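Peer 1: Residue strings, one per chain:
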Amino acid sequence: MSVTVAIRRYNSETGGEPEWVNYTLPERDRMSVLEAFMHIYENVDPTLAFRFGCRFNKCGLCAVEVDGRPRMACFTEVKDGMKIAVLGRMPVIRDLVVDRAAFFTALRELQLYIPEQEDAGHTQIIKEPETHKKLLLCVECLACNSTCPNFEFKKNPFVGPYVFVKLAQLHFDPRNTIDRRRQAKDLGITACTQCRKCYCIHGINLHRDAIQILSA
Amino acid sequence: MLVKKTDVLVIGAGGAGIAAAVEAARGGASVIIVSKEPIGYGDTRISLGVMSTSPDPEIGDTEEQFVEDMIRGGEGLNDPALVRALVSDALEATAMFEGFGHIFGRDDEGRLARLIFPPGGHSASRAISSPGVGISMGHTMRAAAARASIDVLEETICSELLVRDGEVVGAVGLQVASGEPIAVLAKSSVIGAGGAGSLYYPHTDCMPSVVGDSYGLALNAGAELGDMEQVQFLPFGITHPPSMLGAPCGEPAMAGPLGKLMNSRGELVLENIMPMTRAQVARIIMEEIRRGGATERGGLLLDLRPNIEADGGELFVGLMKKMGGPFLDIIRRAYGEKAANLQEPWDVLPTVHYVMGGVKTDEWCRSHVPALYACGQAQGGVMGGNRLGSTSLTEIFVFGKRAGKTAALEAAQRNYADAPVAVEAVRRLEALFGAGGSERPVRLKRALQRLMWEKVGPLRDAASLEQAFREIAGIKEHAKDLRISGMKRYNCEALDAIELSHMLASAESIVVSALARTESRGAHVRSDFPERDDAHPIRNMVVRLKDGNCEVRPVEVHA
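Protein chains in written order, with my numbering: chain D, 85 to 300; chain Y, -7 to 551.
Don't take each hint at face value.
[As the list claims (entries may be wrong)] Residues on chain D that point at chain Y, a partial pick, calculated with CB under 7 Å:
hint : residue
1    : T131
2    : G137
3    : V181
4    : H206
5    : P233
Calculated directly from the structure, the hints in this document are not laboratory data.
Since the model is a prediction, treat every value here as computed from it, not as a measurement.
Note that CB positions come from ideal geometry on N, CA and C, so glycine has one too.
Can you make the complete structure from the sequences, with help from the hints?
Peer 2: Next up, the structure:
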């Protein structure tokens, strides 16, 4: 039995309204949403734009919205009637591809790194907090930003859970020398309504381990 | 025509590229880094994060011993000068990457902690882990790139290097998001764009973008590649469902002391797997499959149950859960809970993990083409015929750093080329959009990938390789007649077309090297020459491009 899915298509070059298009897929054992994209691109419509990486839920590149929730395309099974769209609240280049450029700029402009130290040529004594290890599991898929009701890319692409996770990572890094709570405050973390709608596909407790820590 | 100028151009933004870019900037050079994916999103970021650091004198380990292990593992194909460089710089590279922001595994006192069990082929434990696996290295790499004063071109694929009077003077690339070509004029150019695992897609655990850009760029600029036939297969990969094909599920060590490989008829194929190399196990699996022993899913059955049933079985399960977590997650997803609890055998098939061959360089990463450098998996000669586990992360940081340093230093002696040198290359990119031929790039990519797995896989012979050679020539012809939509922004077909050209060059270099090596050595297994040739001196297979075709010549390894 074949299944049909709807994909929201959009081209920022030509503008206009996004358009839902139905695609019928062949039967395959536990077909993933990513396999559906590849099938369509290779056999049906060569103009479908999508981004993907490792195929095995490690790299965070293929996050899309499936029936209104962020999901990794590679690890989500296709079901009949599924509606698939680009991640919400993000600038869109085309179809399922968001513009990620701002999220590298954020690293630079907000100094989301530890300060450069004299290279001693050997390693230091470091005690890594457990929460730091947990926060490093972030694959930067941007699902958290796409589910945050307060995140408005056009207003400020840096004010969203993604940057708060980065700030919290650094807050827990024993080598950090910048006041990351101060930075979070200056960015406006106090405007967070604690609604807990920000969602992490990889199970990071965003509210407890990032938002609350930085708001303290 | 958009043109930028820089002292040092770095192509590739995984571990090797970022280390090179940061080091070049530290050396005072202006730097542009070109990344096909977002910055930092290469194979390094999806690795297990386990890396060899320096030998620990407290356990009696020495640099000489480490060098010896790598050359024994590489079956003598390694360039000893490169191996010595890797070993002598291993600690410095570890410190450098922690300086970028990473934290490797520590003991309770906060000191760097080496793993209890060394990966296969190491006579002592030098490997350190990353508590946040590869993804934590990704955070570090992106942070390091952001911290350094380097210019970044994200999601930009290099189509060709610019060559003037035999010297590399920059590169041309396509910015995928906008569809705009860009030319970068550079005094030094570093290739650190990884290997070619996805030349075998879906039979690989590498990023799909890792298709041999490094080798295609280098060959076309006149550089030499060494031992390209040496493609490393992890012995254990997933066979089904199709979305999981190629996912890695283990090293030989994963089999434990009592694990067994069985065929579809329930007959024993192999035991005592644990101390064997990746290549040895992959070879035995493929030989049995060729004899007709495959399951209906196409693999063999890896049965770990004897480990649990023996004395100390619980200890084994505990250790597996601790050490093999990421692999067990993959198993659970593909084969279910019982399999992940080791109570059911796993259907396994080798999967491509790494390319040992690559650009021939000296120990300071200079290729023999002036102003062209290579580092990391792009570079050849470090690993010989078989890479020991945990050494590739050492390789990228050691040689990334060396490449960046040399490239910055030597840039000072060179001048920029004039922009017109890039005009034709930019035109070639512009011509892709709306190309009205009859072949879709992605279909040709898939045909080539299928061919590589079927004819140039873990088990080869003259007939399969010659057929591959002919079919590659055919695909090359078809690639002159592409059909591509005219959409500018994020045009996946244009990206595929550029990748296809790198893939064809890489594939051809692998095939001609594999044909020329008439023995089985390292990861290269010929069913028509099943033995290693120990009667003659050990030789590297060196490839260069002549009139658009790969030409191979054997060169004796000198110690």
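Peer 1: State for each hint whether it applies.
Peer 2: Verification of the supplied hints:
1. T131: For D/T131, the interface hint holds, since the closest Cβ of chain Y sits about 5 Å away, which is under 7 Å.
2. G137: holds, 6 Å
3. V181: Holds, because the Cβ-Cβ distance from D/V181 to chain Y comes to roughly 5 Å (cut-off 7 Å).
4. H206: holds, 5 Å
5. P233: violated, 26 Å
Hint 5 alone, counting from the list given before, is not met by this structure.
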